[in-house]
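Undergrad: Chains as they are written, first to last, in our numbering: chain Y, 3 to 325; chain S, 2 to 723; chain W, 132 to 330.
Treat the hints loosely; a few may be bogus.
What the hints assert, rightly or not - A few chain Y residues that face chain W, going by a derived Cβ cut-off under 8 Å, partial list only: (1) Y8; (2) A184; (3) V187; (4) M301.
Unchecked claim - Calculated pairs, PhoX-like style, for lysine-lysine (alpha carbon to alpha carbon, straight line, at most 25 Å): (5) Y/K43 x Y/K15; (6) S/K598 x Y/K232; (7) W/K291 x Y/K87; (8) S/K262 x S/K227; (9) W/K291 x S/K599; (10) W/K291 x Y/K88; (11) W/K325 x S/K613; (12) S/K27 x S/K49; (13) W/K319 x Y/K232; (14) S/K84 x Y/K4; (15) S/K598 x S/K27; (16) S/K613 x W/K291; (17) S/K84 x Y/K43.
Unchecked claim - Quick list of simulated restraints, FRET-style, between CB atoms: (18) Y/R185 x W/A170: 50 to 56 Å; (19) S/A385 x Y/A285: 56 to 62 Å; (20) S/G87 x W/G185: 30 to 36 Å.
If you are wondering where the hints come from, they were derived from the structure by calculation, not from laboratory data.
C-beta atoms are modelled at their ideal positions from N, C-alpha and C, and glycine is treated no differently.
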Amino acid sequence: MKAFAYVNATNEKEAVAALTGATRGRVLPMAGGMDLLGTMKDYIVSPERVVSIKNLDQTITSAGGGLRIGAAVKIADLAEHAEVKKLYPALVTAAEGVGTPQIRNLGTVGGNICQRPRCWYFRNEEFNCLKKGGSRCFAVEGENQYHAIFGDGPCHIVHPSSLAVPVIAYGGRFRVVGPNGAREVDAGQFFQLPNANLYGETVLQPDEIVTHVLLPAPGQRSAVYEVRFKQSHDWPLAAAAVSLVMSGSTVKSARIVMGAVAPIPWRVQAAERVLAGKTITEAVAVEAANAAVAGARPMSGNAYKIQIAKTAVKRAIMAASRV
Amino acid sequence: MADEQVPEVQAPPRPPQHPTYPWPEKSRLLGTRISRIDGPQKVTGRAKYSYDITRPGMIYGRILRSPHAHARLTSIDASAAEKAPGVKAVLLTIKPGDKVLYPGEEIGVLAAATEQQAADALRLIRVEWEVLPPLATVEQSMRPEAPQVFTPANTRRGTAQEDGDPAAGFKAAAFTVEATYSTQVQTHTSLETHGCVCEWNGDNLTAWVSTQAVHGTRDGFAQGLKIPQANVRVITEYMGGGFGSKFGPDIQGLLCARIAKAAGAPVKMMLDRKEEHLATGNRPSAFARVKAGVAADGKLTAFEAQTWGTGGAGAGSDYPLPYIYVFPNRRRAHTDVYINSGQQRAMRAPGHPQGCFVTEVLMDELADQVRMDPMEFRLKNLPALAPNAMWAKYFPMGAERINWQGRHVTGDPTPGPIKRGLGCSANRWGGAGTGARAHCEISSDGSVVMRCGTQDIGTANRTIMAIVVAETLGLEVPQVTIELGDSNQPFAPGSGGSTTAAAVMPAMRVTAGKARDALFERIAPQLGVTAKEIQIGVGNVIAGGKTISWREACKMLGTIPVSVDGAWERGLSAGGTSGVQFAEVEVDIETGITRVKKIVCVQDCGLIVDLKTAETQCYGGIISGLNYAVFEERILDRNTANMVNPNMEWYHMAGQSDIPEIDVVLVDQPERGVIGIGEPPAVATAAAIANAIRNATGVTLRHIPITPDKLLTELERAGGTN
Amino acid sequence: MQDDEKDVSRRDFFKTVGVGSIATAVVAGVTDASAQGPAAVGPEEVPITLTINGQRHQLRVEPRVTLLDAMRTRLDITGQKRVCDRGACGACTVIIDGRTYYSCSMLALEAQGRNIRTVDGLATGNALHPVQQAFCDLDGLMCGFCTPGFVMATVALLEKTPNPTAEQAKRGLDGNLCRCGTNIGVLKAALAVKGVTRG
């Protein structure tokens, strides 16, 4: 990686000050560093200055019936936290599946949310792809077995955050801080499709960071189901998070979000509508799963992901119903 | 040709000549479980690999490489790099007008005081290219309208080989199977990358190289640098894996030596992971369009195949086919197809995993046609039983251990998305070796040192050497010191082809035996007996009714140690192994995810020296076969021919949770002498897994790796998933 | 892949996003953060102190130098290996405060102030740590290049979970890769060791 100056921000104010005035890419925040250092070693980004934000709020506190989770919380700590396990089991399942023990020990919640895509055209310097300012998406006519089955492009990454999927299912928000102060962004609005933001994946400006994940009081039942090929360490081929508000044994309302299938975590309200007012059975789950993938637009090499995504939704619904 | 050493039809082995130092009738140590003697060095991190070597004044080298698969250089300007901080020397090996034929092809080298400075400076070299259309796939290369990238052509058709009368054979067939099979390109992915530390002392070069062949690498440096062999010393005390890709200095070694000379300082140049994937070799892909015939009684009658594959830019891809089973009438023609990618190198059992996979899946398909159990079908079509062809014995042994009787007919009828299945396969390999020399010293304090310029590439060679020496001298393994991995030591061949045990153990036996005899000669007078009246005991020496300890015996040597040379002799080793493997899998047909639950392996390797480490070799080979079956694949972008997964994130390899239960039965054949075990267990695993998946799901996966996309596609084709 | 500032199409693109601070950001470039907030160090070398296996080391490194590279190339502590350099293979695994980390994915200057445990510090003289002994006895190694990483992962696993189930052990080791295929022996070793206390 290229040489850079390093700033150790010990609080939000310092972090924002160090990032203020930065154009995209010249000054970058670093949480755990798992993702940023990888992109730097591959010369995908080469900031002149790196601002460490790993020492910002690392606490998890009760707030409004839910939890306020510092973005600097390590993924391992999130997964082991008693209140998180009690209230947000889907988030714990997702956290336990992130990477490997070493990655979970170093990586942070905020880092997982804000990490860059794994797309191998994005990550290989030889390909000057759209997201890097080039003129084409190489996946379209290339090796797209791990790319998106939803969205209209022009970039076909899948968003890599495992944690974002249940956070959105739980109706979470992100607290964002920048030079103009703090704001809260609905997690479902935080991620941006490529036709709204080609060079990044979120609404964050170059001088803003996520400081907290704010989770409201959860519904009664929730689950995440992730499908991975390698069981030891792999990116999911598809994932689904389901959060249910129940009325007796029927579903009052549902939030269903898919991961690893689109450039953003993919909420599927068509599937949610299938569940509303119903008692969950396998047949109902299958119907909802079919609805979830009805709008899929596979690429030349990834139609198989539709089946996997469908299965993830079905099994997440079944798992949530058994909670 | 990968298969030269093993004839198709197994003749019984010749009776061994009488070696001067035969293996003992009854072994004390051979065949027992003995821990690796270099274990403590490795588990403490004290073992120094080439990557760990530091030399006074050492600087760091980096190679400049082509980013393009096919391009012509229009200009290159290294002036900014030459002036960059810390840079000591820059050498370009390309000039305008030259062409490159694969991504990562070497075009220059520089050395700088730190790794960071070297990396920074490399990026200051301005290179301009005329990018030319690349060939990224065999299909592209084989098209008549493909641009001619290679000379004389993009493909090279071999002569067809024919045996018997295929036409008659097909006439005699009651059933035929016609199908196309394929296997992928694999990269070796040694954990220690290729590279070396080169240090000049005047005209003498010492190189600490991650290599499987210290002598071969020494010769490679001498030839490549045009200096005498005697001026070169290659040292490899420990190395972090080679799997066939590390036999010489390669381009990076020669560049390292040259830049070290130019810079006037020792240079360390270890490749990074991306370079390792691109430019240090691979297992070629294999394709086969096959037609095979079987009679109603289950006897194979005919085999015909058109095969092809790619070994990259201008390199071959042949493999043995058909594999093991007796097709009395056969015809096969192979075409090498060249593409713009890194060139192939021997990779763990070259050719055999490919040939085994194609043949074994075909065998299951043929077995289904005649409605025979796949194992029974195989037993019916094996070559005659022989010490190097024991499948007829091994299949039933393995079958019992995996509960083959419980196997359902193809397509698990159990309701639900999880389907279980069993599959089997057979393997053979050569593993004969010759030519090692050694030097043994016995000192007056009882120390024993055995020197041999062989390598321990992770195979436990060091340990089995010590075991043979200890066995011969009546000692325990910790009393023997093995020195290896230095080209200044007596010659031994490179560690490839599973030939090392067979090449080196006889040299150990002979040299230790000669040392023992020399000891007896020297001390006989002091004991008042003739040398012939002295016998080796266990930790002692028996002379004319008197027993004295080893130490006491050696003390009689005085100041002059025993110092003898010895060499490999015929009669202590052999070639030709056989084995079978069974796999049990669980397939989730709603996700296409396969989990391998258990592998059973029955394998021989002649005389087993260390049962513990031989079993570990089997585990390792099986795991590599599992990776071949479901995980690994070198993936090129089909439009640019750049590798899209040159890392350990997307070049998938099994982790701990992906490893099945593995049950290994090693069959000792002490009468045959020592035979190698490194490659045999790596051959058949993928085929067994593919057949197990077929048994579980009812669909035939003819193309590996069997990733979820392939499985789901086949399930859909067969009538949908749930 | 240099600055995106020069790419006109990108600047136009940003205008469409419509958030106020963009405009100033594009024009002003990188402001001097020392005017407000903590000072930046580097990019040239800075003095750091690393405590490795209980020993303090003082050295100068650029901020971009990873903990792994500082150990291996500056301090000649070569037990942990550089294999993938991307946090995918575990050969560089170290233990800090009982947890494992990929030292290739940590900056050396961020590893200050805590004791970093590597394989080099596990044995006491010639007395192997029980995990090291188990790896030797149960042959959980071949070429040995992944072994330092696996040993550290196993030590951390057992210090936290002294009697793991096979599933727990596998999960604890899932961050390490072995190309020789020694996983069978490694798992046996991890399950065989009893009575590991925090070092």
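Undergrad: Now tell me if each hint is right for this structure.
TA: Here's how the hints hold up against the structure:
1. Y8: This interface hint holds because 4 Å falls under the 8 Å limit.
2. A184: Violated: closest Cβ of chain W sits about 14 Å from Y/A184, beyond 8 Å.
3. V187: violated (12 Å)
4. M301: violated (24 Å)
5. Y/K43 x Y/K15: Violated. Y/K43 to Y/K15 sits at ~29 Å, over the 25 Å cutoff.
6. S/K598 x Y/K232: holds (14 Å)
7. W/K291 x Y/K87: Roughly 19 Å separates the two Cα atoms, so the pair holds.
8. S/K262 x S/K227: holds (14 Å)
9. W/K291 x S/K599: violated (29 Å)
10. W/K291 x Y/K88: The given pair, whose Cα atoms are some 22 Å apart, holds under the 25 Å limit.
11. W/K325 x S/K613: holds (22 Å)
12. S/K27 x S/K49: violated (37 Å)
13. W/K319 x Y/K232: holds (21 Å)
14. S/K84 x Y/K4: Since the Cα atoms of S/K84 and Y/K4 sit roughly 17 Å apart, the hinted pair holds (cutoff 25 Å).
15. S/K598 x S/K27: violated (38 Å)
16. S/K613 x W/K291: Between S/K613 and W/K291 the Cα gap is close to 30 Å, so the pair fails against 25 Å, i.e. violated.
17. S/K84 x Y/K43: Given that 25 Å is the threshold and the Cα spacing comes to 23 Å, the pair holds.
18. Y/R185 x W/A170: 50 to 56 Å: violated (28 Å)
19. S/A385 x Y/A285: 56 to 62 Å: Holds, since S/A385 and Y/A285 (Cβ atoms, about 59 Å apart) stay within the stated range.
20. S/G87 x W/G185: 30 to 36 Å: With Cβ atoms ~33 Å apart, the hint holds.
Of the hints listed earlier, those the structure fails to meet are numbers 2, 3, 4, 5, 9, 12, 15, 16 and 18, in rising order.
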